[in-house]
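Chemist: Turn these sequences into a full structure, and let the hints steer you where they fit.
Residues per chain, in single letters:
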Amino acid sequence: MKRRIETAVIVTLLAVPLALALLGPLVPFAGGERARPFDPEAPWPGTDHLGASVLDGVLDGGRGIVLTAVAATALAYAAGFPVGLAAASTRRRWLDELLMRPFDLLLALPSLLLVLILASIAPPTAWTLVLVTASVNLPDIARITRAAALDAAHRPAVEAMWLQGEHPWRIATVHTARSILPTVAADAGVRLVGACYLVAAASFFGVAGPEANDWAVMVDANRGGIFLSPWGVVLPAALLVALSVGLNLLFDRLLSRRDTP
Amino acid sequence: MIAYAARRAGLGAIQVAAVAALAFALVELLPGDAAVALAGDRPDPAVIERIRERMSLDEPAPARLADWIGGLATGDLGTSLVSGRPVSAIIADALQPTLILAGVTLVLLLPMSIGLGVAAARRRGRWPDRLITTTSVGLYAVPEFALAVLLVSVFAIGLDWLPPTAVGAGSLLDEPLVLVLPVLVLLARPICSIARLVRAGMIEALDAEYTAHARRAGVPERTVVWAHALPNALAPAAAQIARTADWLLGGVIVVESVFVVPGLGTALVDAVNARDLPVVQGIAVVFGVTTVLVNLAADLVAFRLAPRLEVAS
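Residue numbers (UniProt numbering), protein chains in the order written: chain E, 1 to 261; chain F, 1 to 313.
Because the hints were derived from the structure by calculation, they are not lab data. A hint or two may mislead.
Which bits of chain E does chain F cover? Going by a derived footprint, with three or more residues having C-beta under 8 Å, they are [claimed, not checked]: (1) 113-120; (2) 190-202.
Label-pair restraints from in silico Cβ distances [as the list claims (entries may be wrong)]: (3) F/Ala73 <-> E/Val9: 52 to 60 Å; (4) E/Trp127 <-> F/Ala73: 34 to 42 Å; (5) E/Ser256 <-> F/Ala227: 28 to 36 Å; (6) E/Ala185 <-> F/Ala89: 45 to 53 Å; (7) E/Arg101 <-> F/Ser56: 26 to 34 Å; (8) E/Ala147 <-> F/Ala297: 33 to 41 Å; (9) E/Leu228 <-> F/Trp161: 18 to 26 Å.
Ideal Cβ placement from N, Cα and C applies to all residues, glycine included.
Modeler: Structure representation (structure tokens):
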């Protein structure tokens, strides 16, 4: 019974922001003529800092956050997984150290600081946001892949393959990579939640440039009018909170189900 | 202990050097001519010339690296490209509000998260535990700025109980009401992660043989929980407490921006937006070195609490 309530909460929390993010841009919304910025008399939910309807921004603003987070997570895996796998599979200790040590240094820095610093020298575009988020997530992914692969790469089966003269590259890709896939897939949810958080925070600080109009940018742009037209801030912020809480509860549930079958 | 501390401090020193080198490398990573890139949308020759002179970009990179490291050692971090003030003066001005925010948060964070974690572990499986666990899982990754504006619209605008920003407040300590919402936002994420770890550690410790033995020997339950089980449960949490220093610094940047607190985070965001690279470099070094030192301290505390963990790894 309690589990059912939890499921209902998770589904509701996720359904609204995800539906808006995926279907919102498809809704033909006649924005109508522009009214005054932050017009308190405009029909609910009021107008934004440019005088357009807040509803319009809410419908269009979800896709950017979700797509950027997914793209950044995928990119981080594409780079981090091979590095972690190579570091675990190699029999040369110096190569392992060379691949992994730089990540220890990156992990010593606050991630939002890293995002802001990288943004200070990169041009502000949507791709910058993807690249910066991916590079901040990279060290964690490489470390987790390496930790999982270390175990798999030193099993008796692998030793036997070595003795048979199987090519190390083939052992790593065919045997090791396959056997750690479940562990890494379980971790992917956590990474996606982290990417969502970073994308939203970075977007709030304008890393994606002046063209972007996602929910985080809306919160930032409409902050000045929060007393006149609070919905322009409250709606996108609430959607972001629902999205991250829902994703977190969902992945936590999947993980705990995996641990206790 | 001393051997471990020396080894760990050596790693910390390398990390500090790497932070300084990374901050220096920012200039080298700029595409093309750094002075032109920093001048941005208004490539006025006079502006470019001034930037080049202030950052001595005409000198070769090794000479500038030597200058930068020598400057770090003496506290000279260069001058701002925008205001022309020394970076160290800008940092010194912005330090106090940030220290107050971080200090108040840390003072509240440890007792609250440890209390919640212990409470949940002692009532395992019953409703207080379910409530604490679900809430802490849910709030774990909520972006601070979204939480902050929601709290502002409810408590500052809807109910009118608290001030919405720190604008007009002299010192943060003189007007404690100004601090309530920022500190709440800063606490949200770290409390969740530490409470979860303390709960997990406490459950393990309360099930261990030595607690059962202490109970059989007639040690009062309160002593068992707080003096025997808790130190063991805290060792794994100590590392996470250090990681939350990461979140706390990141959170400080967001919270200062939302609540208009004139601290280091606001200075950093302003400098990033204005492409004021010397200020960005200076603040990056301050934040990076702080994180390295906090991690170092936490590892030493964790080692002191449970030396066998380090031996095992």
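Chemist: Which hint numbers doesn't this structure obey?
Modeler: Going through the list in order, the structure violates hint 8 alone and respects the others.
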